[in-house]
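Protein chains in written order, with our numbering: chain D, 1 to 154; chain L, 1001 to 1783.
Careful: at least some of the hints might be erroneous.
Straight-line C-alpha distance at most 20 Å; calculated PhoX-like pairs for lysine-lysine [said to hold, decoys possible]:
#1 K1716/L to K146/D
#2 K1716/L to K122/D
#3 K1013/L to K87/D
#4 K1348/L to K1402/L
#5 K122/D to K1651/L
Chain L is faced by these chain D residues, among others (derived, beta-carbon under 10 Å) [unchecked claim]:
#6 V32
#7 S90
#8 E91
#9 A105
#10 C134
#11 Y137
Beyond 10 Å from chain D on every Cβ pair, some chain L residues (computed) [what the hints assert, rightly or not]:
#12 V1134
#13 E1143
#14 R1167
#15 G1241
#16 V1527
These aren't lab readings, by the way, just hints derived from the structure by calculation. Beta carbons: idealized from backbone N, C-alpha and C, even for Gly.
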Amino acid sequence: MIIKFKLDGKEVSVDAEPNELLLNVLRDKLGVKAPKYSCGIGECGACTVLLDGEPVLSCLTLAVDANGKEVITAAGIEEEYAALISKAFSEEGAVQCGYCSPGFAVMSYLLLREKKNLSEEKVREFLRGNLCRCTGYVNIIKAVLKASEVMGGK
Amino acid sequence: MLNIAERYSFIGKDIPRRDADSKVRGLLEFSTDISVPGMYYGRIVYSPHPFADIEEIDTREAESMGAVVITPKDVPSKPFNIRLVSVNEVTFKDWNILTFSPRYLGDPVAAVAAPSEELAQKAAESIKFKFRKVYDPILDAFESMGSQSAPIREKILKGEEEIPVRRNVGAELNYLEGDLEKGKREADVVIERAFKTNRRYHFQLEPKTSLCVPEHDGRFSIYTTTQTIHNTRILIGQVFGIPLSKISVKRIPIGGSFGSSIQTNLVTLISVALCMKAKKPVKISLTREEDMYDHADYEMHLKLRVGARRSGELTFGELVNIMDIGAHQVQAYPLLGTALGWFVSLYKWKNIKYEGKAVYTNKTPSCAFRGYGAPQISWAVESIMDELAEELGMDPLDLKLKNYVGLGDVFWGQGPTVRSVIRSDGVKELVEKGKQLIGWDRRKPPSMKQGRYRTGIGFGRSFHTSGAGGPISGEVIDYTGATLKLNEDGTLDYITALQDHGGGTLEAHAKIIAEELGVPPHLINIVPSDTSVTPYDVCTHASRGTYVGGEAAQIVKSKVFEAATRILPKAVNPEAFKLVYDETLEQAVVYVEGMKDMRITLSEIARTSWQRNWGTIAATVSYRATSAPPTFTVFFVEVEVDTYTGNVKPKRVVAGADLGTVINPKLAEGQLHGGFVMGWSMAYLEDTIYDRRTGELLNKGMVVDYKIPTSQDSPKLEDFKVIFANTYEPTGPYGAKGLGEAALNPVAGAVANAIYNAVGVRFYTLPITPERILEAISGGGKQ
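From just these sequences and the hints, can you work out the full model?
Written as structure tokens, this is what we have:
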């Protein structure tokens, strides 16, 4: 069936099977590679996108569920936030291999948009569904806190 | 002495990595992200039995669906080894692309390709087998060596020579040094313990992938998950008989590896075989479950016996290392040597005996995992050294400092054939600083701990080699190469096959070149490369902080000076020139000291060389390090054990590293953070457990049942301290050493010692799970 939704700010329409996963439709049919396949069973968070502002694991979400809604991937985060997150992650050494980074970026965006003056505890709790095998999370947490400070200073 | 950041323009300063922005925005393409028009999807068919001989494979249904199918009959049958780092004479070969004799559940027996992934999957599922014989799986190394066990392999190749396999022992290595009996006689205290390590899964976030594209001119382009594009090309060439000039393996960013792609992945070879038959581009991406059946760490059964005099002087060390290597050899033989190397390089045992065996079982083949045996050996040795200290009534720090292999001693970088003399050693400095930061002197014995929550402090030390180079050519191939060219505007293109796993290796290269030539790192293009345009590079492994970029930069610099003498004719000696980065001009300036008019910018030299037809200033080098110096690391860890549940939390960590000059402090700290969390996970969480009856993984490859730490499982930011020793490695680039693996190696030992200090029980099996802790506490004794 043909489904329509807003993807990273643009209206798209695509032919999707009823059993097709959002992750596969985004990656294979719409060419958006920011959400990554890693575990395929909702354990690692690498495929995280926002669906009408709520974080979902696109490997567990049917593409048809996106019909008429808005999908935001790491590639479509509002520029103000994207630049802020990118700068903080880069400066704090929060990026190593980078395969988990788009998932963390989406979650960080959501967190920064909703809350200012974040505590370390809150950041840790919010990001617990995203796995990273390189950084030990320390610099990712530092980066989100730094971005939050910059936001708070505005 | 000036500190590093003052001495250099770029080295020692935090410069954000160039790929961070595209990674965070999800724009950087990994192998899994690459596709081409008209591409077929490949799927691999695995045997339903872990140990069987196949009579016949029925592919008719798959073919009638329109799928391209390959079976062992369609691929070359000569065995090979998927890893090419050892020289041929000591390379043990037992691999085929597809096999009629599956020896573990992930052994590929057939493969299909079809225009859609769905069709490929259906075709794969339609393939049927007739078995000649199905055996009970052998899942234990000791059972495997027993006289009752069926032979998993009967013959393999060593180099080009066929050798028999006896009692499922794939490789052996024994070693003797000094007089063991004398060492035993001299010992006042002898301790013997048996340790067993866990069979961890790398869980790199990107599952393995390969895309093989047939080009119109008869070449093949390959986009695949690998730490070594050149060895991948050579192996494809050897296996399929394709000239290397017809194969281009692209260097594609890798979504984590930790050793899992040191070898050429089987998925790569299968994609090539399918591509050759289908005459179409073929891409295979492993599912997470398939990936988990593809590779794992080595499980080591270590029997350690050590002795010391009352004074704390060690008199002997004896190690029996039985490794369960799974169904194939990747680097079992070299690892037997390396494990010995780590053992003898930790402490001065003086009299040494080592017996190593690599044993086949019907499990997923073991391959290198960050640290290459050093995390396992260090855990066992650091545990037994603590026990020895207790027995001798000494502080473990004193015992370890008294006996460790340090400055001026010989370090075995990668087993018996790779040795070098230690020229920088910051161990004492790190121990002294770490001791203060953790509050070591306030540490109490376990007998004084009470209540539900008990804290304990533990210490562990280790190291890792920086590369596998050495003064002589041993059994390990270790050299790399690069091309550096000065562009017409004074910027640089740097072309190398070296892979960056994410640790920032290539960023470090760029910084070294920047320092050498005064060109800021952001104006140095790290060129996307492939095998066709790069000199050979063995593999990004063994934490090689190589000097190849610096070597190329020095040659380019001398050519720049020659060009400068042509522009400034009064300067007749190119050697008289100096080069410095001018912060106001934001570019390099070439000058003669004390001569005001003898000054010219690098960009002016580049432009003039172009305008006057002098040719391109460039250098291509092939570089081999002449030593493999150790990067020393220490960890002090404080844990809290909940004696009601057995849960353990890391409360405070002091991570110390002696990596010589710290080229990029932020990235180096990041290695230590990541190393700690991975080591914590090794000590406390991870294992792959097999169903004894079916030979399946109990979690069936599902990572919901393979827990690794989350963001909530590390100490608070303020309680995680990183310290660096103030050392300089004379054989390293700008005094630097590698760090990636050393950052992990001591952790499990430190954690195990901390748990002991909290609850008074020693554990000899990894991981030290809450269940094991509870059982031990209620049993009240040693585990």
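For each hint, the structure was consulted:
1. Annotation: proposed proximity of K1716/L to K146/D holds, straight-line Cα distance about 16 Å (limit 20 Å).
2. A threshold of 20 Å between alpha carbons decides the hint, and for K1716/L with K122/D the separation of about 12 Å falls inside it, so the pair holds.
3. At roughly 17 Å between alpha-carbon atoms, K1013/L and K87/D fall within 20 Å of each other, so this suggested pair holds.
4. A threshold of 20 Å between alpha carbons decides the hint, and for K1348/L with K1402/L the separation of about 9 Å falls inside it, so the pair holds.
5. This hinted pair checks out: K122/D and K1651/L have alpha carbons roughly 18 Å apart, not beyond 20 Å.
6. Below 10 Å, beta-carbon pairs count as interface contacts, and V32/D has one with chain L at about 8 Å; its hint therefore holds.
7. Among the interface hints, the one on S90/D holds; its C-beta lies about 4 Å from the nearest C-beta in chain L, closer than the 10 Å criterion.
8. A cut of 10 Å between beta carbons decides the hint on E91/D: the least distance to chain L is about 5 Å, and the hint holds.
9. Because the smallest distance between the Cβ of A105/D and any Cβ of chain L comes to about 5 Å, under 10 Å, the interface hint for this residue holds.
10. For C134/D, the shortest C-beta to C-beta distance to chain L is roughly 5 Å, which falls under 10 Å, so the interface hint holds.
11. Checking Y137/D against chain L by beta carbon gives a least distance of about 4 Å; that is within 10 Å, so the hint holds.
12. In this structure V1134/L is separated from chain D by more than 10 Å, as the shortest Cβ-Cβ distance comes to about 30 Å.
13. Listed as outside the interface, E1143/L is consistent with that label: its C-beta sits roughly 32 Å from the nearest C-beta of chain D, beyond the 10 Å cut-off.
14. No Cβ of chain D approaches the Cβ of R1167/L within 10 Å, the least distance being about 37 Å, so the stated non-interface status holds.
15. Once the 10 Å rule is applied to beta carbons, G1241/L is consistent with being away from chain D; the minimum gap is 34 Å.
16. Taking the minimum C-beta to C-beta distance to chain D, about 19 Å, the non-interface status of V1527/L holds against the 10 Å cut.
The structure fails none of the hints (numbered hints given earlier).
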